[in-house]
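Student: Chains as they are written, first to last, in my numbering: chain V, 1 to 325; chain X, 1001 to 1535; chain G, 2001 to 2445.
Hints in this document: simulated from the structure, not taken from any laboratory. Mixed in with the good hints, there may be bad ones.
To be verified - The list that follows gives simulated cross-link-like pairs (lysine to any residue, SDA-like), each with its CA atoms no further than 20 Å apart:
{"no.": "1", "chain 1": "X", "residue 1": "K1284", "chain 2": "V", "residue 2": "V237"}
{"no.": "2", "chain 1": "G", "residue 1": "K2345", "chain 2": "X", "residue 2": "S1078"}
{"no.": "3", "chain 1": "X", "residue 1": "K1283", "chain 2": "G", "residue 2": "G2344"}
{"no.": "4", "chain 1": "X", "residue 1": "K1351", "chain 2": "G", "residue 2": "K2339"}
{"no.": "5", "chain 1": "G", "residue 1": "K2034", "chain 2": "X", "residue 2": "L1330"}
{"no.": "6", "chain 1": "X", "residue 1": "K1114", "chain 2": "V", "residue 2": "R225"}
{"no.": "7", "chain 1": "G", "residue 1": "K2345", "chain 2": "X", "residue 2": "S1387"}
{"no.": "8", "chain 1": "G", "residue 1": "K2339", "chain 2": "X", "residue 2": "K1114"}
{"no.": "9", "chain 1": "V", "residue 1": "K236", "chain 2": "X", "residue 2": "S1078"}
{"no.": "10", "chain 1": "X", "residue 1": "K1284", "chain 2": "V", "residue 2": "F89"}
{"no.": "11", "chain 1": "X", "residue 1": "K1359", "chain 2": "G", "residue 2": "G2344"}
{"no.": "12", "chain 1": "V", "residue 1": "K172", "chain 2": "G", "residue 2": "D2255"}
{"no.": "13", "chain 1": "X", "residue 1": "K1359", "chain 2": "G", "residue 2": "D2255"}
{"no.": "14", "chain 1": "G", "residue 1": "K2328", "chain 2": "X", "residue 2": "L1330"}
{"no.": "15", "chain 1": "X", "residue 1": "K1082", "chain 2": "V", "residue 2": "R225"}
{"no.": "16", "chain 1": "X", "residue 1": "K1354", "chain 2": "G", "residue 2": "G2149"}
{"no.": "17", "chain 1": "G", "residue 1": "K2345", "chain 2": "X", "residue 2": "D1379"}
{"no.": "18", "chain 1": "V", "residue 1": "K236", "chain 2": "X", "residue 2": "Q1325"}
{"no.": "19", "chain 1": "V", "residue 1": "K236", "chain 2": "X", "residue 2": "S1387"}
{"no.": "20", "chain 1": "X", "residue 1": "K1114", "chain 2": "V", "residue 2": "L10"}
{"no.": "21", "chain 1": "G", "residue 1": "K2034", "chain 2": "X", "residue 2": "G1201"}
{"no.": "22", "chain 1": "V", "residue 1": "K236", "chain 2": "X", "residue 2": "G1118"}
{"no.": "23", "chain 1": "X", "residue 1": "K1082", "chain 2": "V", "residue 2": "E234"}
{"no.": "24", "chain 1": "G", "residue 1": "K2339", "chain 2": "X", "residue 2": "D1379"}
{"no.": "25", "chain 1": "G", "residue 1": "K2339", "chain 2": "X", "residue 2": "N1376"}
{"no.": "26", "chain 1": "G", "residue 1": "K2345", "chain 2": "X", "residue 2": "P1332"}
{"no.": "27", "chain 1": "X", "residue 1": "K1284", "chain 2": "V", "residue 2": "I313"}
{"no.": "28", "chain 1": "X", "residue 1": "K1354", "chain 2": "G", "residue 2": "D2255"}
{"no.": "29", "chain 1": "G", "residue 1": "K2328", "chain 2": "X", "residue 2": "K1351"}
{"no.": "30", "chain 1": "X", "residue 1": "K1283", "chain 2": "G", "residue 2": "L2402"}
{"no.": "31", "chain 1": "V", "residue 1": "K172", "chain 2": "G", "residue 2": "L2402"}
{"no.": "32", "chain 1": "X", "residue 1": "K1351", "chain 2": "G", "residue 2": "D2256"}
Stated by the list, open to error - Chain G side only, calculated, beta carbon under 10 Å to chain V, not exhaustive:
{"no.": "33", "residue": "V2271"}
{"no.": "34", "residue": "L2273"}
{"no.": "35", "residue": "L2279"}
{"no.": "36", "residue": "G2344"}
{"no.": "37", "residue": "A2377"}
{"no.": "38", "residue": "W2411"}
{"no.": "39", "residue": "L2426"}
{"no.": "40", "residue": "A2427"}
No experiment lies behind these values; they were computed from the predicted model shown. Every residue gets a Cβ at the ideal spot worked out from N, C-alpha and C, and that includes glycine.
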Amino acid sequence: MLSYIIRRILYAVPILIGVNLITFLLFFMVNSPDDMARAQLGAKQVSPELIHSWKEARGYDKPLFINYESAGIQKATDTLFVQESLKLFSFDFGFSDANRDIGSDIKERMVPSLAIALPTFLIALITNISLALLLVLFRGSVLDTSMMILAVMIMSISGLFYIIAGQVLFSKIWHWVPISGYESGWDGIRFIILPVLIGVFAGIGAGVRWYRSIFLEQINQDYVRTARAKGLSELKVLFGHVLRNGMLPILTGVVVIIPSLFMGSLIMESFFGIPGLGSYTIDAIHAQDFAIVKAMVFLGSVLYIVGLILTDISYTLFDPRVKLS
Amino acid sequence: MSTILAVTDLNVSIGKDTLLNSISFEIQQGEIFALVGESGSGKSLTSLAIMRLLPDVISIRSGDITLHNRSLFVLPESHMQKIRGKQIAMIFQEPMSALNPVMTVGEQVAEVIKIHLGLKKDALRKKVIALFEEVALKNPQERYGWYPHQLSGGQKQRVMIAIALACEPDLLIADEPTTALDVTIQAQVLTLLKKIQNDRGLSILFITHDMAIVAQMADKIAVMYHGEIVEQAERKTFFTHPQHSYTKSLLKDAMIKIEKHTTDTKKDVLLEVKGLKVHFPIKKGLLQRTVGYVKAVDDVTFSIKKGKTLALVGESGSGKSTIGQAILSLIPVTHGSVKFENINLVELHDKALKVYRRKIQIVFQDPFSALNPRMNIGDIIREGMISLGVGPQTRVLQDEYIKTLLLKVELQADYITRYPHEFSGGQRQRIGIARALAVEPELIICDEPTSALDVSVRMQVLKLLKKLQKESAVSYLFITHDLSIVPVIADEVAVMKEGKIVEQGLVSDVMHKPQNAYTQKLLLSAPKLPNNENI
Amino acid sequence: MKIVLLWTDVMVWLLVVSLLLWAWTVSSSPQVRKLWHTVFKSSIAMASAIILLFYLLFALLDSVHFRLATPSNESQNKTLQYGGITSLLDVMFSHNMKNTERTYSAPFATHEYTKSIVIDEQGVTKQEYLPLEYVGKGDDITSKSIFAGFVGLAIVGVLIFMHILWRGRGGLKSELPWRTAYITLGVLIVTFTWLYLLSYHYHVLGTDKVGGDVLYQSLKSIRTGVLIGILTTLIMLPVAVILGVSAGLFGGWVDDGIQYLYTTLSSIPGVLLIAAGVLSMQVMMDNNPTWFETTLERSDLRLLFLIIILGVTSWTGLCRLLRAETLKISQIEFVTAAKAFGVGKMTIIRRHIIPNLMHIILISVVLDFSGLVLAEAVLSYVGVGVDPTMHSWGNMINQARLEMAREPMVWWSLFSAFVFMFILVLAANLFSDRIQRVLDPRNKS
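Turn these sequences into a full structure, and let the hints steer you where they fit.
Tutor: Right, here's the structure in full:
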């Protein structure tokens, strides 16, 4: 088990290097440090000295991949790519264009992101699975078919619509909840209710369909026939056998996104004015702040890889057939 | 003796198609009633109808099923649930998939006891372990917490039997309970079922396609054909005086006579396998180092003469199919030689091998996966001709050639433009044979070509293979797990166990005077029909 | 007139031609014909397909670009003067394009939505609703609607009559739900003719903040949505198929490399990767202003890059699927049989693997389509979508999202964008459901 996890973490290193390489290529090959300096310093006619000092301050004056001036191993290490990657690997994200410490910004903003993303995730998971089980119980009935049609409709509507319509209905017309904003602590719950509900509802169509198809696939298996032949009621068959087996494919899809919940939701947070990582990212994109985008890309990849490892581990816990080796 | 179960005039259909037509039979206390038929005859459907577990799309048109003279069809579902598992229990064909993979086998047995008998905790566990002992599962205490994947096929079927017996049912429905098992395991499971039936005075509805098993197990027999029962009789009269023509042909196809075989020492050796080893590495640990080998084939030596057939017999996992693949150079050989006409194929490279590809061909077990569903029959057969440059090379002439081939394997020439899904298993197997014949091979490796087929079709395919051998003097390496068909097709036989050949020789010698203990066990395990000569 | 080929036009027409070629080649196989026949046997699939074709028609109309010669006074000067780039759709709606109002107006309104301060002849300052400039006044909307309805019905009638005549050659009996097809077509054409004819007299879906016609914007947005939906898949497909099949079939280091590549790519959160790509592209385009002459070409180039970026970031899922399926197929006995015949690897891929992957590829193409149409809206909202000057539902939503906060609400821009999107995505989803049901071998039982 332990050796497996160690091996997985070791596997993650080349992937993260790859991620860095991709972002590095995107940001530095297309958009050279000189261009960045010019864009940052504003005016078109900036003196070369000014550009040089800007680059030096950020360590952008080194060559990209190979440093011909250095000797030995330094040829490869004393370069922009290696220096930048090393910084990221030690989770040192540096400063944003607005001269704020990105690392501490991220730490601060994780909590509001989680406050929205985690309840949305959990409530959605429970609702979708329960609804799917209900439909599987009444499969082929009018309820099932009409709910499936409804599900297609729900997933055919843009998520933006739910947000805008929700804000208009619940905040503007009915005044049930504030239209946007965030507050920590229990008082803040009124800010969270609407985005969470909208998040759950927007995903219900696709979610119920997916879970339903998983359960339906299970229900045609031989072991379900055995369970029925034992004299189990349909409910017991569903909860005792189908759900337990259906959890395995569900795990693959679900566990992997848990760590990524920290990243927050771009759209939700920006519409509801939540000071989380999602709105942080979107602001950075609008402001074209490369340092923040780069940090978020790295963070996202790390969290995804953690998710992959967690998925494998959860498999060993829930599927007796899988042994990590 | 009282009637346990009575099925009267049962009619079942899906949409407009009739699936079961006027099925009637009775099962008495303490008897084994066998329902025999080929695939699609409706025997499993009948059993599901009794359990009221038919899929929703299938509807019961008319008729009645009574248990202890009470109709099952009028019961509410909740009441029926109390009958399932308690009064009527069932075991299925595939022990692999019939058990819940994520529950321990102990739990799965305990579950049925809990809902019907209401036992709890210690009493429950004790009962489960007692049942495990009754079905002769070794180390029952320890096995309680095991998962299905940790058990062998036979052990799983024992667990299924334990589940079925747990609440002392009046009727046990056994739906092909041994079809997926190896012969030796099958014999054990059948003996177990017979013993339990004797001990408990249980009634069993035994569903099978295998006449020999029927002869060994049943008291009364009903033959099903296309959704109807065509004949019903006591065992004795059934085997001595079969009435219906279908029953007669079934019995005839199941019957196999052992002829005298002689070796023609003058004939040339076509293929010579010497000291063949195929090992697969096992990798483990942080660095995926090779820690050992699976010895799939371990030092095997045999030879096949021109125009003769060698049967390679063994149970699943004995390595017999791996040998076939090694001869075809589809997998790397670890050690040894495969000499074809004195050329060692193991040493040849892809290009040099191509000459021999046309001389050695293969026919597969599963007729459904052997043919590409997206290609028509003509293109399937043409593929080898083009690739190896055999036969005519223009399309028109090829079509003519393919048509004659189709006729040769007793199909129709106009099948050439059709697609595989339009054909039955037996027809597909013939197409597979035609595909192999197209490149005029000298050796055909037949990898269990008949084990997925019904008895009657199986016989036809074997006869076809025999006929083709007479016509073109092709040699066969016939891989099979079924000893009973060996005398029909083979001249010599080699028995395999765990990657090694334990005995080989002329078919008549090995079948009549087996020397090796394992061969003897295999022969003993195979169920046999009574007094062969009388029919 | 001078035909102008934008980059995306080239791709769209290439796609149309290759689709037709593909349809022509596969239609020779009775198996494939039977499959499609089964797909269209469902009336829902038939109706969805017609809606999709209707949208596609608009996208194609909007993909024929040209410059009209402007009448020039100096006729002795031989060089012709050309106006701006327009498309066939622009020509159809030239009245809406030109007739922009001053500001918001509701659907079918005759006056502006908000009061303006005016000084009348007496010099008194008043607040009043100004009349719209390009709206027919005092006309009866009912009689126009009835007229439009008749025109629409006439068009539908002719089309259906022609189709029945054409069908009549093969006998009128058909298992296909042609009645549903006719009804769908009828509803679509009548609605559209009504909207179109009335658009000469009204702003049928209202006008936006700067007085632009919303109907025209919504229709122009079709091209953007459809193009992103189709072309992205087109870019992604070859990559996914080639890499997926090679990984599954060749194994070894090829497999390792490809797996590494897609794990790396898919570990980057999708939006961020797209954002990073689009940001870099923007900088690149800013640095190379010579690549395009007009704003239309600029926005088209940006659309092209967006499609490429979306394609590059979205092949991983399909690739993983195809790799797994190729592994499975290559173990099946008909592939072993081909190997025993000494058939080469490329032929095995072409003859045995690809045909048996077609259903996965097709299902993923139709499934991805609706997702991409929806994604465009979100990306444009985030600011990494299409060019802000380009008509797209995402841009419409983005520009209009604050209008709901106005008092009274300005709802029609959002509403139109959402409805146009909803119909397209719903049709695509229903169609893909049907395709999945028919093609997925797991549903055979």
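Student: All hints, please: hold or fail.
Tutor: Here is how each hint holds up against the structure:
{"no.": "1", "hint": "X:K1284 to V:V237", "result": "38 Å, violated"}
{"no.": "2", "hint": "G:K2345 to X:S1078", "result": "58 Å, violated"}
{"no.": "3", "hint": "X:K1283 to G:G2344", "result": "30 Å, violated"}
{"no.": "4", "hint": "X:K1351 to G:K2339", "result": "13 Å, holds"}
{"no.": "5", "hint": "G:K2034 to X:L1330", "result": "36 Å, violated"}
{"no.": "6", "hint": "X:K1114 to V:R225", "result": "18 Å, holds"}
{"no.": "7", "hint": "G:K2345 to X:S1387", "result": "12 Å, holds"}
{"no.": "8", "hint": "G:K2339 to X:K1114", "result": "54 Å, violated"}
{"no.": "9", "hint": "V:K236 to X:S1078", "result": "12 Å, holds"}
{"no.": "10", "hint": "X:K1284 to V:F89", "result": "30 Å, violated"}
{"no.": "11", "hint": "X:K1359 to G:G2344", "result": "18 Å, holds"}
{"no.": "12", "hint": "V:K172 to G:D2255", "result": "55 Å, violated"}
{"no.": "13", "hint": "X:K1359 to G:D2255", "result": "33 Å, violated"}
{"no.": "14", "hint": "G:K2328 to X:L1330", "result": "17 Å, holds"}
{"no.": "15", "hint": "X:K1082 to V:R225", "result": "16 Å, holds"}
{"no.": "16", "hint": "X:K1354 to G:G2149", "result": "72 Å, violated"}
{"no.": "17", "hint": "G:K2345 to X:D1379", "result": "17 Å, holds"}
{"no.": "18", "hint": "V:K236 to X:Q1325", "result": "46 Å, violated"}
{"no.": "19", "hint": "V:K236 to X:S1387", "result": "57 Å, violated"}
{"no.": "20", "hint": "X:K1114 to V:L10", "result": "48 Å, violated"}
{"no.": "21", "hint": "G:K2034 to X:G1201", "result": "55 Å, violated"}
{"no.": "22", "hint": "V:K236 to X:G1118", "result": "15 Å, holds"}
{"no.": "23", "hint": "X:K1082 to V:E234", "result": "13 Å, holds"}
{"no.": "24", "hint": "G:K2339 to X:D1379", "result": "15 Å, holds"}
{"no.": "25", "hint": "G:K2339 to X:N1376", "result": "18 Å, holds"}
{"no.": "26", "hint": "G:K2345 to X:P1332", "result": "18 Å, holds"}
{"no.": "27", "hint": "X:K1284 to V:I313", "result": "18 Å, holds"}
{"no.": "28", "hint": "X:K1354 to G:D2255", "result": "27 Å, violated"}
{"no.": "29", "hint": "G:K2328 to X:K1351", "result": "27 Å, violated"}
{"no.": "30", "hint": "X:K1283 to G:L2402", "result": "61 Å, violated"}
{"no.": "31", "hint": "V:K172 to G:L2402", "result": "12 Å, holds"}
{"no.": "32", "hint": "X:K1351 to G:D2256", "result": "28 Å, violated"}
{"no.": "33", "hint": "V2271", "result": "6 Å, holds"}
{"no.": "34", "hint": "L2273", "result": "7 Å, holds"}
{"no.": "35", "hint": "L2279", "result": "6 Å, holds"}
{"no.": "36", "hint": "G2344", "result": "33 Å, violated"}
{"no.": "37", "hint": "A2377", "result": "5 Å, holds"}
{"no.": "38", "hint": "W2411", "result": "9 Å, holds"}
{"no.": "39", "hint": "L2426", "result": "4 Å, holds"}
{"no.": "40", "hint": "A2427", "result": "9 Å, holds"}
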